[in-house]
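Chemist: Quick note, the sequences are listed as chains R and V, same order. Going by my numbering, the first sequence opens with residue 41, and the numbers climb by one from there. Going by my numbering, the second sequence opens with residue 41, and the numbers climb by one from there.
Among the clues, some could well be false.
In silico EDC-like links for lysine to aspartate or glutamate, alpha-carbon gap of 20 Å or less [to be verified]:
id	chain 1	residue 1	chain 2	residue 2
1	V	Lys79	R	Glu95
2	V	Lys272	R	Glu110
3	R	Lys79	V	Glu255
4	R	Lys79	V	Asp264
5	R	Lys79	V	Asp328
6	R	Lys272	V	Glu266
7	V	Lys79	R	Glu266
8	R	Lys79	V	Glu266
9	R	Lys272	V	Glu72
10	R	Lys79	V	Asp271
11	V	Lys54	R	Asp264
12	V	Lys272	V	Glu246
13	R	Lys47	R	Glu122
14	R	Lys54	R	Glu110
15	V	Lys474	V	Asp439
16	R	Lys272	V	Asp328
17	R	Lys79	V	Glu384
18	V	Lys54	R	Glu82
19	V	Lys47	V	Glu141
20	V	Lys272	R	Glu122
21	R	Lys272	R	Glu247
22	R	Lys54	V	Glu82
23	R	Lys272	V	Asp271
24	V	Lys79	R	Asp328
25	V	Lys272	R	Glu266
26	V	Lys79	R	Glu247
27	V	Lys535	V	Glu384
28	V	Lys272	R	Asp271
29	V	Lys79	R	Glu114
30	R	Lys54	R	Glu114
31	R	Lys54	V	Glu110
32	V	Lys79	R	Asp271
None of these hints come from the bench; they were simulated from the model.
Protein chains: 2
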Amino acid sequence: MSSLTEKMELFLRKTGEVVDLRRTLALLQWDEEVCMPPKGAEARGHQIATLAALEHRLFTSSEMRDLVAELAAEASELSLGENDFVRETAHDLERAVRLPESLVHRMAQAQSRAYHAWVRARSESAFGEFLPHLAGLVALAREKAECLGYAESPYDALLDEYERGMTASRLRPIFDTLAERQGALVARIVESPLQPDTAWMDRDWEEEAQLRLTEEVLRDMGFDFEAGRQDKSVHPFTTSFDTEDVRVTTRVNRRDFLSALSSSVHEGGHALYEQGFPLRYRRTLLADAPSLGMHESQSRLWENVIGRSLPFWRHYTPRVRSLFPCAPEDLSPEQVWRAANRVEPSLIRVEADECTYNLHIILRFEIETALIEGSIEAEHVPELWNERMRLYLGCEVPDDARGCLQDIHWSHGSFGYFPTYALGNLYAAQLLEKMEQDMPNLWDNVAQGKFWDILGWLRKHVHARGRAVTADRLLTEVTGKPPTPEPFLRYLEEKYAALYGLG
Amino acid sequence: MSSLTEKMELFLRKTGEVVDLRRTLALLQWDEEVCMPPKGAEARGHQIATLAALEHRLFTSSEMRDLVAELAAEASELSLGENDFVRETAHDLERAVRLPESLVHRMAQAQSRAYHAWVRARSESAFGEFLPHLAGLVALAREKAECLGYAESPYDALLDEYERGMTASRLRPIFDTLAERQGALVARIVESPLQPDTAWMDRDWEEEAQLRLTEEVLRDMGFDFEAGRQDKSVHPFTTSFDTEDVRVTTRVNRRDFLSALSSSVHEGGHALYEQGFPLRYRRTLLADAPSLGMHESQSRLWENVIGRSLPFWRHYTPRVRSLFPCAPEDLSPEQVWRAANRVEPSLIRVEADECTYNLHIILRFEIETALIEGSIEAEHVPELWNERMRLYLGCEVPDDARGCLQDIHWSHGSFGYFPTYALGNLYAAQLLEKMEQDMPNLWDNVAQGKFWDILGWLRKHVHARGRAVTADRLLTEVTGKPPTPEPFLRYLEEKYAALYGLG
Numbered sequence: 041m042s043s044l045t046e047k048m049e050l051f052l053r054k055t056g057e058v059v060d061l062r063r064t065l066a067l068l069q070w071d072e073e074v075c076m077p078p079k080g081a082e083a084r085g086h087q088i089a090t091l092a093a094l095e096h097r098l099f100t101s102s103e104m105r106d107l108v109a110e111l112a113a114e115a116s117e118l119s120l121g122e123n124d125f126v127r128e129t130a131h132d133l134e135r136a137v138r139l140p141e142s143l144v145h146r147m148a149q150a151q152s153r154a155y156h157a158w159v160r161a162r163s164e165s166a167f168g169e170f171l172p173h174l175a176g177l178v179a180l181a182r183e184k185a186e187c188l189g190y191a192e193s194p195y196d197a198l199l200d201e202y203e204r205g206m207t208a209s210r211l212r213p214i215f216d217t218l219a220e221r222q223g224a225l226v227a228r229i230v231e232s233p234l235q236p237d238t239a240w241m242d243r244d245w246e247e248e249a250q251l252r253l254t255e256e257v258l259r260d261m262g263f264d265f266e267a268g269r270q271d272k273s274v275h276p277f278t279t280s281f282d283t284e285d286v287r288v289t290t291r292v293n294r295r296d297f298l299s300a301l302s303s304s305v306h307e308g309g310h311a312l313y314e315q316g317f318p319l320r321y322r323r324t325l326l327a328d329a330p331s332l333g334m335h336e337s338q339s340r341l342w343e344n345v346i347g348r349s350l351p352f353w354r355h356y357t358p359r360v361r362s363l364f365p366c367a368p369e370d371l372s373p374e375q376v377w378r379a380a381n382r383v384e385p386s387l388i389r390v391e392a393d394e395c396t397y398n399l400h401i402i403l404r405f406e407i408e409t410a411l412i413e414g415s416i417e418a419e420h421v422p423e424l425w426n427e428r429m430r431l432y433l434g435c436e437v438p439d440d441a442r443g444c445l446q447d448i449h450w451s452h453g454s455f456g457y458f459p460t461y462a463l464g465n466l467y468a469a470q471l472l473e474k475m476e477q478d479m480p481n482l483w484d485n486v487a488q489g490k491f492w493d494i495l496g497w498l499r500k501h502v503h504a505r506g507r508a509v510t511a512d513r514l515l516t517e518v519t520g521k522p523p524t525p526e527p528f529l530r531y532l533e534e535k536y537a538a539l540y541g542l543g
Numbered sequence: 041m042s043s044l045t046e047k048m049e050l051f052l053r054k055t056g057e058v059v060d061l062r063r064t065l066a067l068l069q070w071d072e073e074v075c076m077p078p079k080g081a082e083a084r085g086h087q088i089a090t091l092a093a094l095e096h097r098l099f100t101s102s103e104m105r106d107l108v109a110e111l112a113a114e115a116s117e118l119s120l121g122e123n124d125f126v127r128e129t130a131h132d133l134e135r136a137v138r139l140p141e142s143l144v145h146r147m148a149q150a151q152s153r154a155y156h157a158w159v160r161a162r163s164e165s166a167f168g169e170f171l172p173h174l175a176g177l178v179a180l181a182r183e184k185a186e187c188l189g190y191a192e193s194p195y196d197a198l199l200d201e202y203e204r205g206m207t208a209s210r211l212r213p214i215f216d217t218l219a220e221r222q223g224a225l226v227a228r229i230v231e232s233p234l235q236p237d238t239a240w241m242d243r244d245w246e247e248e249a250q251l252r253l254t255e256e257v258l259r260d261m262g263f264d265f266e267a268g269r270q271d272k273s274v275h276p277f278t279t280s281f282d283t284e285d286v287r288v289t290t291r292v293n294r295r296d297f298l299s300a301l302s303s304s305v306h307e308g309g310h311a312l313y314e315q316g317f318p319l320r321y322r323r324t325l326l327a328d329a330p331s332l333g334m335h336e337s338q339s340r341l342w343e344n345v346i347g348r349s350l351p352f353w354r355h356y357t358p359r360v361r362s363l364f365p366c367a368p369e370d371l372s373p374e375q376v377w378r379a380a381n382r383v384e385p386s387l388i389r390v391e392a393d394e395c396t397y398n399l400h401i402i403l404r405f406e407i408e409t410a411l412i413e414g415s416i417e418a419e420h421v422p423e424l425w426n427e428r429m430r431l432y433l434g435c436e437v438p439d440d441a442r443g444c445l446q447d448i449h450w451s452h453g454s455f456g457y458f459p460t461y462a463l464g465n466l467y468a469a470q471l472l473e474k475m476e477q478d479m480p481n482l483w484d485n486v487a488q489g490k491f492w493d494i495l496g497w498l499r500k501h502v503h504a505r506g507r508a509v510t511a512d513r514l515l516t517e518v519t520g521k522p523p524t525p526e527p528f529l530r531y532l533e534e535k536y537a538a539l540y541g542l543g
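Construct all of the structure, not just a fragment, from the sequences and the given hints.
Modeler: See the structure below:
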């Protein structure tokens, strides 16, 4: 019988191998988006499938399960840190083991077919082509929820994968408050006579200068280019192969220099989180955020709260004037700030502004929960979608491509993912409120392009925890409260009152 | 009991997974050289070690061994193509199985330590620091040779890994002939009054134009950029993740535009081979060259025989004049051709010209065989090295950094690798002779920048075979002869007689 120390060492070695495989899978995917020549796709598909199967086999092996069970049984003999490792691994393992391999296999097959059908359906705006796949994926998701178990709603079992401990019944009152107050705010904004001038934006912004600006801002934020890099890709994303190898991507729109910048700052927020995990969590499952909502809080804090603030533009507007040959000579911080925060109810989530964004999420949450709880069928989705778009955003949906077919998530069978975007907004505002209390001259520093106090605060209170605590507990410990919509609504109402001259 | 067809399917699936792991390992390494930020090295080391261990476990699993044994026993029932798959897998498996895991482990540890000691020793030119590691690696290589088995010399067991079927006793007379005839040729060249003018080369050649030229030439050669890409790295190399995802790297020397070009054309030759394997060999062990020498024959054929020919420069010199703002206006094809083929006995193998290159190899071969056969000890290496440099190249070795410490190979425990470089030269010339017979207007096409007939010929006679035949058999079938030094010596003597006005 091996000693507890030996068991712990073996456990760390075995989970280290699982992490190696996951990081390698991430590299296969990063390369596919960033470097791979087009004809490489077929082989890459095989490589990813093989690695994923090996990862699953290794993680759920009987050796790993026995080891975790033995260590969990001796939890009282382990240090606090060791207990974190064991508890989190046991949690993931339990979820993985509850899903029968045949179900995992059927889901993978259905998702692959559904994804291709969705691509076709969206390009032709033909919901009917996607409908049978959506119905199948909903049935599989419900089967999955039954395997995983839940107390109130099968949706909770799915949501838990992305936002541990969160439930539909906790989300509903939060989302109701958001829908009411954000709806009212948007209505006032739309009617305001003070609308931003964005005509000056419409010019050909040089690509090289755009990339230079994104790199400067990333560096200023504290992104370590010795431990990461930025590339271009069709859809911006962040990935990590290690705490010291974190990669972001961005995309350039020559008609809008704010597009690449906000992508980079958003992904930079994710990346600072990944670069900020303690080195002792390296090659373990703890080098991760406790939830997608918490991860998203970091990207949205940097992108929206800081990157679209007036102090931020006080610092960077002169840089825009000097970097871009095409920039107006008299461009003012206020001009950029107003353009960067323009509110306009529209059809597409990924293009939505800060004021309307959550409304897009709430609409999806309502449809998702209804599907998973069985109160509507897949065929009713377009009708419900279009009705809610009218209700929440006052927009008429001209076709399903710009309606219920716009997002990739459902085609991947990801139900319960959307709410984490809205929670990211709430968490960010909750953290901001506490940061402003702790650091009275926070905005003065932003106005000088200095972000080290913000990053230091986030490192200490958020990044350093990894996933050793849940998002709920982290927020409660740091801000004194569990997730609540009030700080976000206060932030939003104050900011947009100033922008749109609301009384 | 499963049917033969089912067994064959399972075998292809299992070997496909092994190939996926090997290709993924290649991606981890490519990324490390081309993209990885510096701090990513530690995690990358773990990822590579984990993947390599998994690959070994998968490839040598009892399931794989049983499957191969069962299929081999029913060889007469298999098609010719199926037999190729089984035979080649059985060959690799037998080698892998003959090496005890403890020996593999000790070699990996010794190599890792030796590599770091070599880096230090080379930077300080202190052979003594590397000596104990070299002695240890030689002992391990001899142990390895005993496990693998051999008929005449333990060196043969090592050489066989890189050049199947080749032996020290077959190489010796070939190398003796080369040493004599190349030595005599170099002596005449050095004494020739007609030395090339290279003063015009000494200018600042624009990096962007250099890269543009390499891409144009690669495209002209037939490199498919939809199924591959070129990047920059410190040491140029080629790697392949699939027949349709083959990547080359190059490096730019702003004082010498021929440096990047010859790197790209060399790696392009390797890459055309990799892109030329039949698609039915995809995801199998047969999508490979039969030997390193055969692989090298492709890179050297393109780099030296074609890329340093006068017809080649008749086509590309005008491009050099138009691409480089700094190029002399009256630059002539003859000028570039002479500069590209300048002969100068020197200390460093990787900088050696076509006439002296094999002499560097022969020197290493003599030292390697003596070490492995036990006729000298590691401590005698510098003395023997310096003596042979004097004998073959007339060069005095000023320090071991520019002598026996210059190459990485021995620090990796790779004994038997060097001869494949020289064999590449021989194979290339042997193939050229046959190509010239088959295609009388070969050089007219080169002079017009048309390479499709050459590539087509290589595709048909070399690339299409993958590793289904040995290098020996391939050469014999295509050229009527096994490896022989005559065609190379004829090529060399004729070319350099013209260049240096030798009677």
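Chemist: Would you mind marking each hint as holding or not holding in the structure?
Modeler: Verification of the supplied hints:
no.: 1; hint: V:Lys79 - R:Glu95; verdict: 25 Å, violated
no.: 2; hint: V:Lys272 - R:Glu110; verdict: 50 Å, violated
no.: 3; hint: R:Lys79 - V:Glu255; verdict: 18 Å, holds
no.: 4; hint: R:Lys79 - V:Asp264; verdict: 10 Å, holds
no.: 5; hint: R:Lys79 - V:Asp328; verdict: 19 Å, holds
no.: 6; hint: R:Lys272 - V:Glu266; verdict: 18 Å, holds
no.: 7; hint: V:Lys79 - R:Glu266; verdict: 6 Å, holds
no.: 8; hint: R:Lys79 - V:Glu266; verdict: 6 Å, holds
no.: 9; hint: R:Lys272 - V:Glu72; verdict: 19 Å, holds
no.: 10; hint: R:Lys79 - V:Asp271; verdict: 17 Å, holds
no.: 11; hint: V:Lys54 - R:Asp264; verdict: 41 Å, violated
no.: 12; hint: V:Lys272 - V:Glu246; verdict: 15 Å, holds
no.: 13; hint: R:Lys47 - R:Glu122; verdict: 11 Å, holds
no.: 14; hint: R:Lys54 - R:Glu110; verdict: 14 Å, holds
no.: 15; hint: V:Lys474 - V:Asp439; verdict: 43 Å, violated
no.: 16; hint: R:Lys272 - V:Asp328; verdict: 33 Å, violated
no.: 17; hint: R:Lys79 - V:Glu384; verdict: 43 Å, violated
no.: 18; hint: V:Lys54 - R:Glu82; verdict: 18 Å, holds
no.: 19; hint: V:Lys47 - V:Glu141; verdict: 28 Å, violated
no.: 20; hint: V:Lys272 - R:Glu122; verdict: 43 Å, violated
no.: 21; hint: R:Lys272 - R:Glu247; verdict: 11 Å, holds
no.: 22; hint: R:Lys54 - V:Glu82; verdict: 18 Å, holds
no.: 23; hint: R:Lys272 - V:Asp271; verdict: 16 Å, holds
no.: 24; hint: V:Lys79 - R:Asp328; verdict: 19 Å, holds
no.: 25; hint: V:Lys272 - R:Glu266; verdict: 18 Å, holds
no.: 26; hint: V:Lys79 - R:Glu247; verdict: 28 Å, violated
no.: 27; hint: V:Lys535 - V:Glu384; verdict: 16 Å, holds
no.: 28; hint: V:Lys272 - R:Asp271; verdict: 16 Å, holds
no.: 29; hint: V:Lys79 - R:Glu114; verdict: 36 Å, violated
no.: 30; hint: R:Lys54 - R:Glu114; verdict: 18 Å, holds
no.: 31; hint: R:Lys54 - V:Glu110; verdict: 33 Å, violated
no.: 32; hint: V:Lys79 - R:Asp271; verdict: 17 Å, holds
Checked against the numbered hints above, the structure breaks hints 1, 2, 11, 15, 16, 17, 19, 20, 26, 29 and 31 and satisfies the rest.
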